[in-house]
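*Asks:* In case you want the letters, here they are:
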Amino acid sequence: MTPGIEPLTDEELVARALAGDRDRFGDLVQRYQSRLVNYLFRLLRNIDEAHELSQEVFLKVYQALDRYDPRYKFSTWIFRVAQNAAIDQIRKRRLKLVSLSRPEDGEGEAHDWDLPSADRGPYEDLRNLERSEAIQQAIDSLPWDYRELIVLRHYGELPYEEIARLKEMPLGTVKNKLFRGRQALKEKLMEFLVD
Amino acid sequence: MNTHHERQLEWLSHELDGALAPREREQLKASLAQDGDLCEQRRELHQLDKLLASSHLQVEADFQSRVMRSLPAAGWESRHPLSWRWAVAILLLLGGSSAALVGTGSAHAVPGQAIFGALGAVVDLFVAGALAGAGLLSASWKGIGLAMGDIFAKPASFVGLALFVVLLNLLFLSLLRGGRRAPRGAVARSGGRRHDDG
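In the order they appear, the protein sequences are chains A and B. Under the working numbering, the very last position in the first sequence is 750; numbers go up by exactly one each time. Under the working numbering, the very last position in the second sequence is 201; numbers go up by exactly one each time.
Derived from the structure by calculation, the hints contain no laboratory data. A virtual CB, placed ideally from N, CA and C, is assigned to each residue, including glycine. Wrong hints could be hidden among the right ones.
[What the hints assert, rightly or not] Derived coverage of chain A by chain B (criterion: at least 3 residues anywhere in the stretch with Cβ under 8 Å from a Cβ of chain B; other residues may be distant): (1) 560 to 570; (2) 600 to 613; (3) 626 to 632; (4) 637 to 647.
[Claimed, not checked] No more than 20 Å apart at the CA atoms, straight line, and that leaves these computed lysine to any residue pairs for SDA-like: (5) A/Lys743 with A/Pro714; (6) B/Lys53 with A/Leu563; (7) A/Lys628 with A/Asn683; (8) B/Lys53 with B/Gly21; (9) A/Lys628 with A/Asp695; (10) A/Lys741 with B/Gln50; (11) A/Lys743 with B/Glu13; (12) A/Lys741 with B/Ala56; (13) B/Lys53 with A/Gln618; (14) A/Lys743 with A/Glu688; (15) B/Lys53 with B/Ala90; (16) B/Lys53 with A/Leu684; (17) A/Lys741 with B/Glu13; (18) A/Lys743 with B/Asp40; (19) A/Lys741 with B/Arg10; (20) A/Lys741 with B/Arg46; (21) A/Lys628 with A/Thr564; (22) B/Lys53 with A/Asn683; (23) A/Lys722 with A/Lys743; (24) A/Lys743 with A/Gln692; (25) A/Lys741 with A/Glu712; (26) B/Lys53 with A/Arg649; (27) A/Lys628 with A/Gln618; (28) B/Lys53 with A/Lys615; (29) A/Lys741 with A/Tyr678; (30) A/Lys722 with B/Arg10; (31) B/Lys53 with A/Ser687; (32) A/Lys743 with B/Glu9; (33) A/Lys743 with B/His49; (34) A/Lys628 with A/Ala640; (35) A/Lys647 with A/Arg635; (36) A/Lys615 with A/Asp576; (37) A/Lys741 with B/Gly163; (38) A/Lys628 with B/Asp20; (39) B/Lys53 with A/Ser589; (40) B/Lys53 with A/Arg702.
The shape of chain A in the complex, shown without the other chains (with noise of 0.2 Å):
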């Protein structure tokens, strides 16, 4: 970034896409895509699925720019889309699950997600798996509502005050859920919360 130059916010991005800048898009892809496929990857334990699905919402929200309401902030319309797409998915991994009645890959078993190796030797390769599959069982474990919220929270980066519109709860019960999924998280994941 330029010093001295503000980069543009959402929402400008947004009115410079809609006056035809199809890269201000791209700026905001860039901006989103990890936060969006990290979101994704922890709600549905599945690299490719989390890939995929991101690129759906991000294709979603282009194609319904010009409903976007600029009152709203931009980061709580994405999340809000890439939740319900999460939702849909789940639904149908279910669906498949009872038809065919027997696990589906990333339903069951998180399998696929340790986390990137690079220069590390074999130990460390098996420390960091072991942390990566106890961050998501400990995920897991959690009530849903608490783990929507820790997710939000943490992958999606969200402020409070967004994840209090996207859920639709009060600031209140969001600050006290994400301090009782902590909690949860911090007995869970004790032996890794070292120095």
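Once you've looked at the hints, dock chain B against the given chain A.
*Replies:* Chain B in isolation, oriented as in the chain A frame:
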């Protein structure tokens, strides 16, 4: 766990997110200075935050370009003013040219009264159009009349035309008779068979 302690713990969570009010921050700071357990809770909470942050996935390298390549032509794009600019420009150009032509044509008709002049020019245009249409119509009837006159003027052409008309009538008659004959033949054949059988 007492309520006061729990509230302090909740403040730690809010502090982590930068959502603690200044007065609460001061109170928490004072509590942290006295309470070792609270300090330990705070350390663990920050460690948890780091741990979760370290578990962020790397997005596929070509993800953004893939999204941009797959963007469809959204409905709003076709409704966008930019997509209409050429059509609008051509329309304006044609409208402007017409206005200029009509204005020029009408300026000398009723000088000083542009609106009446323009209306007069439009009426003139309609009249000219109607005259042109009538001219074309009469020209085409005139053409047919001339052709007929030409045919009747030469006996050979007249005989040729008469022969052509007679042959055409004969052709129609033969077609009509052929259509009737076929069923009659069929009845005759079946009648013959009955006779043979009997």
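*Asks:* Hint by hint, say whether it matches the structure.
*Replies:* Okay, the hints, checked on the actual structure:
1. 560 to 570: This one is violated; 0 residues, fewer than the three required, reach chain B with a Cβ under 8 Å.
2. 600 to 613: Contact hint for the region 600 to 613 of chain A vs chain B: holds, 6 residues under 8 Å.
3. 626 to 632: Three-residue rule not met by the region 626 to 632 of chain A, so violated; n is 0.
4. 637 to 647: violated (count 0)
5. A/Lys743 with A/Pro714: With Cα atoms ~24 Å apart, A/Lys743 and A/Pro714 exceed 20 Å; violated.
6. B/Lys53 with A/Leu563: Roughly 29 Å between the alpha carbons, so the hint for B/Lys53 and A/Leu563 is violated.
7. A/Lys628 with A/Asn683: Between A/Lys628 and A/Asn683 the Cα gap is close to 36 Å, so the pair fails against 20 Å, i.e. violated.
8. B/Lys53 with B/Gly21: Between B/Lys53 and B/Gly21 the Cα gap is close to 15 Å, so the pair holds against 20 Å.
9. A/Lys628 with A/Asp695: violated, 28 Å
10. A/Lys741 with B/Gln50: holds, 9 Å
11. A/Lys743 with B/Glu13: holds, 18 Å
12. A/Lys741 with B/Ala56: holds, 14 Å
13. B/Lys53 with A/Gln618: This hinted pair is violated, its Cα atoms lying about 36 Å apart.
14. A/Lys743 with A/Glu688: Roughly 12 Å between the alpha carbons, so the hint for A/Lys743 and A/Glu688 holds.
15. B/Lys53 with B/Ala90: Roughly 57 Å separates the two Cα atoms, so the pair is violated.
16. B/Lys53 with A/Leu684: Holds - the C-alpha atoms of A/Leu684 and B/Lys53 are around 16 Å apart, at most 20 Å.
17. A/Lys741 with B/Glu13: holds, 13 Å
18. A/Lys743 with B/Asp40: holds, 19 Å
19. A/Lys741 with B/Arg10: Holds: A/Lys741 and B/Arg10 sit about 17 Å apart, inside 20 Å.
20. A/Lys741 with B/Arg46: Judged against 20 Å, a Cα distance of about 11 Å means the pair holds.
21. A/Lys628 with A/Thr564: With Cα atoms ~10 Å apart, A/Lys628 and A/Thr564 stay inside 20 Å; holds.
22. B/Lys53 with A/Asn683: Since the Cα atoms of B/Lys53 and A/Asn683 sit roughly 14 Å apart, the hinted pair holds (cutoff 20 Å).
23. A/Lys722 with A/Lys743: Violated - the C-alpha atoms of A/Lys743 and A/Lys722 are around 25 Å apart, more than 20 Å.
24. A/Lys743 with A/Gln692: holds, 9 Å
25. A/Lys741 with A/Glu712: holds, 19 Å
26. B/Lys53 with A/Arg649: Not OK: B/Lys53 and A/Arg649 at ~33 Å, beyond 20 Å, violated.
27. A/Lys628 with A/Gln618: Holds, because 18 Å separates the two Cα atoms, which is no more than 20 Å.
28. B/Lys53 with A/Lys615: With a Cα-Cα distance of about 33 Å, the restraint between B/Lys53 and A/Lys615 is violated, given a limit of 20 Å.
29. A/Lys741 with A/Tyr678: Given pair A/Lys741, A/Tyr678 is violated - Cα atoms ~24 Å apart, limit 20 Å.
30. A/Lys722 with B/Arg10: violated, 24 Å
31. B/Lys53 with A/Ser687: holds, 13 Å
32. A/Lys743 with B/Glu9: holds, 19 Å
33. A/Lys743 with B/His49: Holds. A/Lys743 to B/His49 sits at ~15 Å (cutoff 20 Å).
34. A/Lys628 with A/Ala640: holds, 19 Å
35. A/Lys647 with A/Arg635: Answer holds: A/Lys647 to A/Arg635 is near 18 Å, not above 20 Å.
36. A/Lys615 with A/Asp576: holds, 18 Å
37. A/Lys741 with B/Gly163: Violated, at about 111 Å.
38. A/Lys628 with B/Asp20: holds, 19 Å
39. B/Lys53 with A/Ser589: At roughly 17 Å apart (the allowed maximum being 20 Å), A/Ser589 and B/Lys53 satisfy the hint.
40. B/Lys53 with A/Arg702: holds, 18 Å
In this structure, the hints that do not hold are numbers 1, 3, 4, 5, 6, 7, 9, 13, 15, 23, 26, 28, 29, 30 and 37, in rising order.
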